[in-house]
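In this note's numbering, the protein residues as written are 730 to 934.
For the record, the hints were derived by calculation from the structure and aren't laboratory data.
For every residue, glycine included, the Cβ atom is placed at its ideal position computed from N, Cα and C.
Please note: incorrect hints may appear among the correct ones.
For each label pair, taking beta carbons as the anchor points, the in silico distance ranges come out as [unchecked claim]:
| no. | residue 1 | residue 2 | range |
| --- | --- | --- | --- |
| 1 | 777 | 810 | 21 to 29 Å |
| 2 | 844 | 746 | 22 to 30 Å |
| 3 | 841 | 869 | 36 to 44 Å |
| 4 | 883 | 757 | 19 to 27 Å |
| 5 | 834 | 871 | 45 to 53 Å |
| 6 | 863 | 911 | 28 to 36 Å |
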Amino acid sequence: MAARSVLARLHGRVVAGVPRWAVWAAYATSLTALPAGLWRILSVDLRLPLMEAPTDGRPPPAWFGGEWWYVIALSVVSETLAFLAVGLVSEWGEVWPRWIPGLGGRRVPILAAVIPAGLGATVNTLLWPYSMTMISIGRNVNGAVHTGSGVHGWQAAIFYGAYWPLAAWGPLLGILTVHYYRRRRAAESADTEAPGRLEQCPSAA
Numbered sequence: 730m731a732a733r734s735v736l737a738r739l740h741g742r743v744v745a746g747v748p749r750w751a752v753w754a755a756y757a758t759s760l761t762a763l764p765a766g767l768w769r770i771l772s773v774d775l776r777l778p779l780m781e782a783p784t785d786g787r788p789p790p791a792w793f794g795g796e797w798w799y800v801i802a803l804s805v806v807s808e809t810l811a812f813l814a815v816g817l818v819s820e821w822g823e824v825w826p827r828w829i830p831g832l833g834g835r836r837v838p839i840l841a842a843v844i845p846a847g848l849g850a851t852v853n854t855l856l857w858p859y860s861m862t863m864i865s866i867g868r869n870v871n872g873a874v875h876t877g878s879g880v881h882g883w884q885a886a887i888f889y890g891a892y893w894p895l896a897a898w899g900p901l902l903g904i905l906t907v908h909y910y911r912r913r914r915a916a917e918s919a920d921t922e923a924p925g926r927l928e929q930c931p932s933a934a
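Based on the sequences and whatever the hints tell you, model everything.
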């Protein structure tokens with residue numbers, strides 16, 4: 730019960746009637762980018778020995794380029810995008826939060842959620858499973874043999890453990906998007922048909 734209360738505070742209230750599998754799929758989707766983000770910050774910014782340092786004493790290569798803040802920003806943006814999957818099962822994914830000027834309290838149009846979620850699911854499904862498969866077999870994304878990865882042994886195990894969850898981001902988001910669309914459409918159809926059913930009901934004597 731306490732765990733459920735904490736999740737409610739973090740993710741918002743779940744829409745009534747959403748099946749448990751969809752809720753947990755949304756929570757899982759929101760966490761797919763977290764291990765990779767932590768790995769980037771720990772290895773690139775904090776210089777923990779998660780990559781092999783060059784023999785000449787230089788620090789490990791900054792795979793992601795830019796300054797330290799770039800790595801943090803990349804990790805935060807990635808996790809924020811992954812977290813938006815929770816909106817597909819939460820009330821804030823159907824009604825705009827009241828703090829949003831001009832939109833607060835209004836219903837979220839179905840396509841306003843489905844189109845970006847569908848695009849995100851497509852991009853991540855095409856990107857991460859393929860990319861991680863190529864990296865895991867020692868090749869670049871373009872198919873060329875990859876050398877000097879900077880991770881071996883236990884370091885490689887941690888790296889793959891941190892990055893392979895990204896391969897689940899797209900498929901999970903796709904499933905949630907389809908479920909969200911079908912659920913919202915069914916709810917709208919029920920609301921539309923309700924007045925007609927009431928008119929057909931015989932009045933009480």
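Here is what the structure says about each hint:
no.: 1; hint: 777 <-> 810: 21 to 29 Å; in the structure: holds, 25 Å
no.: 2; hint: 844 <-> 746: 22 to 30 Å; in the structure: holds, 23 Å
no.: 3; hint: 841 <-> 869: 36 to 44 Å; in the structure: holds, 37 Å
no.: 4; hint: 883 <-> 757: 19 to 27 Å; in the structure: holds, 26 Å
no.: 5; hint: 834 <-> 871: 45 to 53 Å; in the structure: holds, 49 Å
no.: 6; hint: 863 <-> 911: 28 to 36 Å; in the structure: holds, 34 Å
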